[in-house]
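Visitor: Spelled out from the first residue to the last, the chains are:
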Amino acid sequence: MKGFVPLVLGIFGTFAFSWMGLILIPNLQIGHLDPQMDEEGTDVYPAPKSGMADRGGKIYAANGCIYCHSQQVRADYAASDIDRKWGARRSAPRDYVFARPVLLGKMRMGPDLSNIGKRAPSEEENASPAPSASPAGSPVPAASPAKAPPAASPANPSASSAPAASASPKPANSPAASTSPAAAAASPAVSPSPAPSAPPAGANRASPAKASPAASPAPSAASSAPAASLAPKPANSPAASTSPAAAAASPAGSQASAESSPPAAGANPTPATQGASVAARPPGSPAGVEAKPGEPPPYSAAWHHRHLYSPRSFSIDSDMPAYRFLYERRSIGSEPSADALELTGRDAPPAGWEIVPTYDAQCLVAYLMSLDQSHPLKEVKSPAAAGSPAVVPPASPAAAPPASPAASPAAGKGTK
Amino acid sequence: MDATEIPLKPPSVPTDVPTSDVEPIERALIDASTRVPVLMFYTSAIVWLLIGTLLAGFVSIKLHEPDMFSGVSFLTWGRLRPAHMNVMVYGWASMAGMGTAIWLMARLCRTVLRHPLLLVAGGGFWNFGVLLGVGGILAGDSTGYQWLEFPPYAAIVLFVAYSLIISWAVLMFRFRRGDQIYITQWYLLGAFLWFPWVYGATQVMLFVVPVQGVMQSAVTWWFANNLLFLWLGAIGLGTAYYMIPKVIGRPVYSYHLATIGFWTYALFSSWTGMQRLVDGPFPAWMITASIAATILTIIPVATVGLNHHMTMQGYFPLLRYSPTLRFTVFGAISYTVFSAVGVLISLRSVARYVNFTQASIAYSHLGLYAFFTMVMFGSMYYIVPRLVGREWRYASLIKLHFWASVYGVGLMTLMLLPGGFLQGANMENPSLAFSESTQTILPYLRGRSLAGLLMTVAHFIFAFHFGLMLLGLGRTSSVPTFLNPVEAEGSEEHL
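Those protein sequences? They're chains G and P, same order as listed.
Going by this note's numbering, the residue at position 252 of the first sequence is 252; the numbering climbs one at a time, nothing skipped.
Going by this note's numbering, the residue at position 470 of the second sequence is 470; the numbering climbs one at a time, nothing skipped.
Simulated from the structure, these hints should not be mistaken for laboratory data.
Keep in mind that this is a model prediction, so the values were computed, not measured.
Glycine is no exception: its CB is placed at the ideal position from the N, C-alpha and C atoms.
Treat the hints with caution; some may be incorrect.
[Said to hold, decoys possible] Partner residues are not named here, just some residues of chain G that face chain P (Cβ under 8 Å, in silico):
#1 N27
#2 L28
#3 A62
#4 Y67
#5 Q72
#6 P93
#7 A99
#8 M109
#9 M320
#10 V356
#11 T358
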């Protein structure tokens, strides 16, 4: 080859070609997205993170959490992320418009965290009494919505004709729990409470357009499963389990309730099989993360603190490093700090001492609690709508957190 | 052919440049002019290599012993890992690559290096930048962008340092003698021009005028792949194109193949990168484009591989004697393996399983270690004796270095590739708890630590040997150090 100029031109040309194709054009396509909102300009998603959560994101980056934890849910046809309850729908570029740095991750030595905040107990007050009430684990459904594939519910075969599916029963993990009558009794009791509490929250983010279809089908759901008003419990009482509040509300057209008292498996014509399949393969369900007596409910702030301080106090198999340098050991003053970690065994500080989170640790947990991609996006089809009915039902009972408004995405989508 | 005569005859220039009587003297002058900067780059590189190796040890062991040093912030795994990665890429690989590239450029342009001390200053700045960056990462200042964890203040220092270095390399090109531009020069010139564009554009898009949301990830992986292919990869291939013909004393098999290989390499490998984001929150076409480009890199890989193979044809027995050739050929073969693995794991059906697993670590090490680092070792075995005027002292240490490196990186690949596939298969099976997938990989990670131990041994041996050379303790001889005694009768007069 002769000549300096053609060589340099070629070198520059290939570089420019690649830059244009992989950076410039994609940036035109997805580099200037706005948050999504409904017609009234409410229900904005995503929203910028709070100051603490934002700082927590930097701490997450600085301490290399990204080298083991991804924050992206792949589509149901591409991978089993959704089956793992890491999210109810795939992640989309719009989910990250405020993320800086964006922490998609490239390795999963730990589980995906895109929706870890969503999986937290929706309200700490609700959650904390629950475990104490029935330590056996029945509270968990309420407390640990675990992974929330809301979605699923619409998947029932009749979904197209009777989107009713969104009427919602009682979630999930409880199937296992429901075997004990006491638990079964307890959970219905729980479910109403989230329902009322949720609507206010849901109201401002509502997606009326989508919710309303859900409302009309509700009756049909009821017809197919007359028992609807009763508490559900897929496992042993296959009856469709719409929570009464939700059932009543949705025909009325109040989208808020339809959205906020989600999904659940309920109206599905084949609850029995659903329940069975759930029971058969609990592994997919968050069994591993159920709160044990004396432990904070999974994915609550207290849980995260203790997990960061001593990961193996929850799971002996965990390969996560401990982040003790984010915590401070100090002697107890006049009275213990409110945010002191509750530690047992080897981890517990000597008497007279307590372990408290530093500000960095609090920010990091605030960041984790803020991770939530469950809000529906116009451009993302829910797996429920796309997926085959056969696949989805098992997921639905297992998952849906009762009180979370967010779960509705799927419902909204599916019924649209 | 008689294998013994080959390494012993004076190396012939692999280009079409006419030879003349003054050539040996001219070469000696050129070598002398590059002595200080190149040795300075090499020394820095090797020091960084040792630091990076120690960091790697921590990273590897802590992965299966997570409770080690959990109370010390700068020894947390999430900081050690990027520190290791960046030390290796910017400290070791880039420094070694620039050292070799400067020397090759001077030799091929047949011009003495002017003002070598300015290059030394550039190298000093670069070291300072890497130090600043690694310190920043360990202190908790990492940016969180993979391959770009150095905080922006360190990146600025690197960029200034690089500008100093590159301008000298390009200046040499300006003063070159002869019309022909040899293949190695294409690659080196490409690397020297690509790096600042890619690095500069990325820094601007991430820190000065940040792009929105997921585009940051697209920019990051575009950068990472271009750094791997167009910066380090180009230097590695260019070096192999020089060393192989040089050592065996035979011109490159085909210039036409080389031309095709170079331009398809530039075109296709620069389009890869997005395949690492497969099924992520991006328009599918971006990812598909990169997967297609990755598959198309088979063309440059095949042409380059064929070219090297045909050049080596009949000369393979020399691998028994020449350290340079042995390291370089191993690197060149690894380049083919690396690319094949790259194609394999970029396919959607495979990526579904391996995308978030240790298999991608195996892939990185195949590229950065089995290919690039081995080629760099080879070039150092060739260049250093010409700079210090001594020959390598112990053939046994070179052999030990070679085999420990080969077994180390081989074992690592054998552990992490299948381990990654198993990890991914378990991860993709939702009826297994997630922790099953991480439990599955644990034995493989322990095996990887063993592989790391082998590589650590290799690096310390090499550093020791290099230190002897620096101190002038090499052999005084006009004959290079061979890995095995040259038995044939013709060689005796030289020995």
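Visitor: Now tell me if each hint is right for this structure.
Guide: Hints, one by one, checked against the model:
The beta carbon of N27 of chain G comes within 5 Å of a beta carbon in chain P, closer than 8 Å, and the hint placing it at the interface holds. Of the supplied interface hints, the one on L28 of chain G is violated, with its beta-carbon coming no nearer than about 10 Å to a beta-carbon of chain P, more than 8 Å. Interface hint at A62 of chain G: satisfied, since its Cβ lies 4 Å from the closest Cβ of chain P, which is below the 8 Å cut-off. Proximity of Y67 of chain G to chain P holds as hinted, the smallest CB-CB distance being about 5 Å (cut-off 8 Å).
With its C-beta approaching chain P no nearer than about 5 Å, Q72 of chain G sits inside the 8 Å limit, and its interface hint holds. Nearest Cβ of chain P to the Cβ of P93 of chain G: about 5 Å, under the 8 Å cut. The hint holds. For A99 of chain G, the shortest C-beta to C-beta distance to chain P is roughly 6 Å, which falls under 8 Å, so the interface hint holds. At its closest, the beta carbon of M109 of chain G sits 6 Å from a beta carbon of chain P; the interface hint therefore holds under the 8 Å criterion.
Residue-level restraint check for M320 of chain G holds (minimum Cβ-Cβ distance to chain P is 6 Å; threshold 8 Å). Hint status for V356 of chain G: violated, given a least beta-carbon distance of 15 Å to chain P, over 8 Å. For T358 of chain G, the shortest C-beta to C-beta distance to chain P is roughly 11 Å, which exceeds 8 Å, and the interface hint is violated.
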